[in-house]
Amino acid sequence: RKEVEQDPGPFNVPEGATVAFNCTYSNSASQSFFWYRQDCRKEPKLLMSVYSSGNEDGRFTAQLNRASQYISLLIRDSKLSDSATYLCVVNKVNRDDKIIFGKGTRLHILP
Amino acid sequence: NAGVTQTPKFRILKIGQSMTLQCTQDMNHNYMYWYRQDPGMGLKLIYYSVGAGITDKGEVPNGYNVSRSTTEDFPLRLELAAPSQTSVYFCASSSGTSQETQYFGPGTRLLVL
Chain A
1 RKEVEQDPGP FNVPEGATVA FNCTYSNSAS QSFFWYRQDC RKEPKLLMSV YSSGNEDGRF
61 TAQLNRASQY ISLLIRDSKL SDSATYLCVV NKVNRDDKII FGKGTRLHIL P
Chain B
1 NAGVTQTPKF RILKIGQSMT LQCTQDMNHN YMYWYRQDPG MGLKLIYYSV GAGITDKGEV
61 PNGYNVSRST TEDFPLRLEL AAPSQTSVYF CASSSGTSQE TQYFGPGTRL LVL
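Listed in order, the protein sequences are those of chains A and B.
Take the first sequence: its position 26, counting from 1, is numbered 26 in this note's numbering, and each next residue is one higher.
Take the second sequence: its position 48, counting from 1, is numbered 48 in this note's numbering, and each next residue is one higher.
In short, the hints are calculated from the structure, not lab data.
Backbone N, C-alpha and C fix where the C-beta goes; we use that ideal spot for every residue, glycine too.
Keep in mind that the hints are not guaranteed to be accurate.
[Stated by the list, open to error] Chain A is nowhere near these chain B residues, computed Cβ spacing over 10 Å in every case:
| no. | residue |
| --- | --- |
| 1 | Pro8 |
| 2 | Ser18 |
| 3 | Val60 |
| 4 | Ser84 |
| 5 | Gly105 |
| 6 | Leu110 |
[What the hints assert, rightly or not] Partial selection, computed: residues in chain A whose CB lies under 7 Å from chain B:
| no. | residue |
| --- | --- |
| 7 | Glu15 |
| 8 | Ser32 |
| 9 | Leu46 |
| 10 | Arg106 |
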């Protein structure tokens with residue numbers, strides 16, 4: 001199993017719709033989880049952290065499922081500006097304390 | 001605060017040439033990182049540093065070198081450029097460990113011909 005795995009997409013979603021995607025991780029000891037957003041030809045930027053109790057920020061909701069080892073991102077009332085690649089990030093929790101980036105899920109919001 | 005800045009934005013190198021990618025942060029972060037991102041691929045860690053004078057290898061360090069003489073600067077050196085090093089290079093910094101947000105620079109696009 002890959003350390004961090006995401007569906008690459010693309011997800012083509014009409015404006016106003018709700019879209020969700022998941023990310024699975026292999027290390028059950030991982031403790032830190034994030035969603036980053038990366039626009040085309042730009043740097044990644046933190047979208048939100050994912051807490052055990054879930055996390056909501058406006059139209060965005062992130063959830064953690066430790067039993068099944070995945071995190072999810074839900075976007076409600078999608079906007080054209082939500083078109084981007086969403087990177088799942090998990091900390092490695094080995095002797096070296098680093099984070100692992102998933103390859104990302106591409107989202108296209110259609111007008 | 002400018003955050004994390006990188007220079008140059010874009011560079012074309014010939015095979016065998018060398019260059020240094022510059023990275024500076026003004027957030028007084030101890031941790032700094034260099035990643036490369038190939039088209040359609042995730043970020044791969046090249047080198048990282050947990051403080052001035054301390055550097056360590058990441059996942060793909062071959063062909064690169066780093067130094068960290070100050071908290072602010074973390075240059076990445078490419079020796080004997082190869083076509084396989086064509087990529088986008090991102091520098092990032094964070095205040096602490098893997099539980100902290102990483103802040104990225106705008107990236108350097110490198111083409112090796």
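Here is what the structure says about each hint:
Against the 10 Å criterion, B/Pro8 stays outside the reach of chain A, whose nearest CB is about 15 Å from its own CB. Taking the minimum C-beta to C-beta distance to chain A, about 25 Å, the non-interface status of B/Ser18 holds against the 10 Å cut. Annotated as non-interface, B/Val60 keeps its C-beta farther than 10 Å from every C-beta of chain A; the closest such distance is 13 Å. The Cβ of B/Ser84 sits about 19 Å from the closest Cβ of chain A, beyond the 10 Å cut-off, so the non-interface label holds.
With a closest Cβ-Cβ approach of about 6 Å to chain A, B/Gly105 is found to fall inside the 10 Å limit, against its non-interface label. Non-interface status of B/Leu110 relative to chain A is upheld: no Cβ of that chain comes within 10 Å, the nearest being about 14 Å off. For A/Glu15, the interface hint is violated, the least distance from its beta-carbon to any beta-carbon of chain B being 25 Å, above 7 Å. A hinted interface residue such as A/Ser32 counts as satisfied when its beta carbon comes closer than 7 Å to some beta carbon of chain B; here the least separation is about 4 Å, so the hint holds.
The beta carbon of A/Leu46 comes within 5 Å of a beta carbon in chain B, closer than 7 Å, and the hint placing it at the interface holds. Interface restraint check for A/Arg106: the shortest CB-CB distance to chain B comes to about 9 Å, outside 7 Å, so the restraint is violated.
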